[in-house]
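**Q** Given chain A, put chain V in place with the hints provided.
As they're listed, the protein sequences go chains A and V. In this text, residue positions in the first sequence follow this note's numbering: the first is 1, and each later residue adds one. In this text, residue positions in the second sequence follow this note's numbering: the first is 1, and each later residue adds one.
In case anyone wonders, no lab produced these hints; they're calculated from the structure. Errors might be hidden in some of the hints.
A short, non-exhaustive set of chain A residues, derived as facing chain V with CB atoms under 8 Å [as the list claims (entries may be wrong)]:
{"#": "1", "residue": "Leu20"}
{"#": "2", "residue": "Glu400"}
{"#": "3", "residue": "Gly403"}
{"#": "4", "residue": "Ile449"}
Straight-line distance between alpha carbons at most 16 Å, and here's what the computed EDC-like set of lysine to aspartate or glutamate pairs gives [unchecked claim]:
{"#": "5", "chain 1": "A", "residue 1": "Lys408", "chain 2": "V", "residue 2": "Asp453"}
{"#": "6", "chain 1": "V", "residue 1": "Lys371", "chain 2": "A", "residue 2": "Glu12"}
{"#": "7", "chain 1": "A", "residue 1": "Lys371", "chain 2": "V", "residue 2": "Glu12"}
{"#": "8", "chain 1": "A", "residue 1": "Lys371", "chain 2": "V", "residue 2": "Glu216"}
Glycine included, C-beta positions come from ideal geometry on N, C-alpha and C.
Read off the chains here:
Number of protein chains: 2
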Amino acid sequence: MNTNSIFQVAQEAFLFYKNLSGKEKGAFLDKLADILESQRAEIVPLAVRESNLPEGRINGELGRTTGQIRLFANLVKEGSWVEATIDPALPDRSPLPRADIRRFLTPLGPVVVFGASNFPLAFSTAGGDSISALAAGCSLIYKAHPAHPETSRKVAACIQEALTASGLPAGLFTHVEGGIAEGQALVQHPLAKAVAFTGSHAGGMALFQLANQREEPIPVYAEMGSVNPIFCFPNKLAQETESLAKAFIASLTLGVGQFCTNPGLIFVPASQAKAFEALLIEELKGIAAAPMLHPGIAQAYYDSIQYLESREELRWIKVADPKHLLNGSAALAEIQVADWLKDKQFQKEVFGSFALMVVYQDVAELAEVAKQLHGQLTITVWAEAEELQSQLFLINLLEEKCGRLLFKGAPTGVEVGHAMQHGGPFPATTAPNSTSVGAYAIKRFARPIAFQDMPSGLLPDALQDHNPLGIWRQVNGIVTMK
Amino acid sequence: MNTNSIFQVAQEAFLFYKNLSGKEKGAFLDKLADILESQRAEIVPLAVRESNLPEGRINGELGRTTGQIRLFANLVKEGSWVEATIDPALPDRSPLPRADIRRFLTPLGPVVVFGASNFPLAFSTAGGDSISALAAGCSLIYKAHPAHPETSRKVAACIQEALTASGLPAGLFTHVEGGIAEGQALVQHPLAKAVAFTGSHAGGMALFQLANQREEPIPVYAEMGSVNPIFCFPNKLAQETESLAKAFIASLTLGVGQFCTNPGLIFVPASQAKAFEALLIEELKGIAAAPMLHPGIAQAYYDSIQYLESREELRWIKVADPKHLLNGSAALAEIQVADWLKDKQFQKEVFGSFALMVVYQDVAELAEVAKQLHGQLTITVWAEAEELQSQLFLINLLEEKCGRLLFKGAPTGVEVGHAMQHGGPFPATTAPNSTSVGAYAIKRFARPIAFQDMPSGLLPDALQDHNPLGIWRQVNGIVTMK
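Just chain A, same shape as in the assembly (with noise of 0.2 Å):
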């Protein structure tokens, strides 16, 4: 189908999704759950061979997908996530009458999806973006990501037959594959209402400016990673060194690294550098170069590393062995603070198991490190509770520069529910305001409408007058589930 035809098909399969019930749609996606776990043993090998990624962290991966499209469905069974508001007709009220006004969130239109290489499955064809698009009651037009095809192919199979096996279009979703100029032609037809896109700053800026750049802009949910930084205060390093060490280093090392939320730079107090360094050289002897997800992302992993070797700030902890096919290696240097204050460079995300340790001589010092940072997707503060009474004004500085921001434990790991948020300020996203990670990702696919006096025969469930879906929403607002 060229991209006319899919957009076509998407608007139509669109008009008639938007108004099926969400329990209509949440019956779909558990159904899709389903066929997905049904088809484990065909999926997992696919996605393991195309990602270079172990058997049981894409096991794991299919669990959180398939966890990931039942909250989502549970979401739109239960239904209050539209943001229902009544304000209903004030006829006496002097000097004017209050028309009758409702409000609530209605789906986009089609949207475009590109899929994620880090995420064969959570992050890509049957994901969390697309998987929250749908549940919106958007139709979807899928990009595949080059470097997983087969299971990329295989997912939107599985999507197909749920959508058969519900009695839906199968417009409503559709498989895209191709390169850069296929992405942006779907980006830029009139019919797409929203983009959502995990991958490199680079990639994300060049969809957000076109679809800027269109005669109608529309918006661009791009995360785009970020270093995600840890501050190491005194007292917590000097009683917890060696189980922070091995937090850090088994975050910093995870998948090789290729985590959104993968911690790339760690501040440290100078009077503790030493020992602290010792434990991160321990436990790196334990850590084998393992494949990446594919030679792009290898290359430029060691090109990033090579830039910075050349830079005589760092001092090398652990460098990086020899580049061989795929496998990443894990690296560490050390700066001190003013000279990582002296330039943004070193704030650059290295996608893979490479991180900066920034040497500070004074806490005071961290303002200014918090002044200068770029938007990060989390920020991690390992300090005793007492050595943050005085801190306020840190912990204010560092919640203006993270979408979250952690006390205890590592960024990796991005738990999917309710109250997460994932996004964060520019570089990190494109849209500081939404998330693409828990239930609040659904949002970025909906938008308000009010109803002024319209029918009741016309309103739709969520806002008649007798509440027959039983949400909760607000009435002269008040909440109520009335």
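**A** This is chain V only, laid out in the frame that chain A set:
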């Protein structure tokens, strides 16, 4: 102050103000409303003189302005708007424990608001955009509209008085005067986090592109008007010809047509076009030409009319009186639907009391009209309930093209309430997922942040276990006030 100093004090003020309670923010807003009301006798004459609008309208607009301020004051004093969402830790969950994750909305930072010429009070210095930004917890750099400088200075002084009386830093609100260059400098400053604008398509798009070309792109909430079509169905029009003619002309000519929701397009069945036209001519006889907001707007109105007079597809029902200084004279022309469909020029907004009456032969033609229609703030359908039974597909198509869909009355007179949606698909606005009127307008100036395992001493009140604010929250996905 130069731009840099303005933003430095705005950033400092923001970091102080954002942590104040909703009660403190609300008290400041209430104080501001009190001050504005107490200075009504000084404000109203200034605004009348600078806008050419009648005193009755400006008096009403001041009431609307303080009404909006109190709506937002109440919203932040109540506090539930922050969408507090808590997923408590599940330490015993298998295979992995769940961390404690708590999410809410946090203000963006310093934001830039541009005043609108057509609402010297309600969409200007202390208008809806300014107040929703301050209510959210942002600091504000306000670019005054050059059409009403004295009104703006006076209201700015009231805001400073309210800040002083509330013990808040002066840097929370900075009043900036100047032209395009001054406005652009504000949008380009690195500390600016969002822009709100109400005005022309060209002005809004220039700011939108400027903001997207920044090193850090920021959202632009530009409300750029629309033609707000009215669709008359045959039975309804037959039964209520006279009252609908009255309602249409009243809405068209209200405030010399200088409203964003002014209806500039009306679709009328051919069988009744003649009769309806006669009534419209009759109604227009009672409408005298009246002064427009400023000479630039009057000039643009007559330029648009002149262009349309050159189009042979139009038959003029009432021509505009010859231009006389500032006066805007209502005008009305007729076009056949087939001609209208051929050229998108006929969808262009003429800011002022001009409307195009589009004559259709059959209701079936309206689906094509809906498909070709640009995005609108409002669409109005005047139809008997029975006439709509078979028009669900058309209603669906119209929903795709507007932010508010009306079935009675006229689109002007935008209610400021909880359920209002004032925004719509492009080109009505650059951000259809937001509203510039009503309680939800506050959400434009906040973004989500999640705290993971934050020590309870640091948690904001909205996210404390025992819910000290008594707000509605989502805990484990369930809406609760506990």
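**Q** Please verify whether A:Lys371 and V:Glu216 have alpha carbons no more than 16 Å apart.
**A** 15 Å, holds
**Q** Is the interface hint satisfied for A:Leu20? The criterion is a beta-carbon contact with chain V at less than 8 Å.
**A** 12 Å, violated
**Q** Compare the distance between the alpha carbons of A:Lys408 and V:Asp453 with 16 Å, and conclude whether the hinted pair is satisfied.
**A** 6 Å, holds
**Q** Are the Cα positions of A:Lys371 and V:Glu12 separated by 16 Å at most?
**A** 12 Å, holds
**Q** Checking hints one by one. Is A:Gly403 an interface residue toward chain V, by the C-beta closer than 8 Å rule?
**A** It holds, given that the least Cβ distance between A:Gly403 and chain V is near 6 Å, below 8 Å.
**Q** Just to be careful, I want the Cα atoms of V:Lys371 and A:Glu12 compared with a cutoff of 16 Å; is the pair within it?
**A** It holds: about 12 Å lies between the C-alpha atoms, which stays within 16 Å.
**Q** With chain V as the partner, please determine if A:Ile449 meets the hint condition of a C-beta pair closer than 8 Å.
**A** 6 Å, holds
**Q** Interface hint check: A:Glu400, Cβ to nearest Cβ on chain V, cutoff 8 Å. Holds or violated?
**A** 7 Å, holds
Violated hints amount to a single one, hint 1; each of the other numbered hints is respected by the structure.
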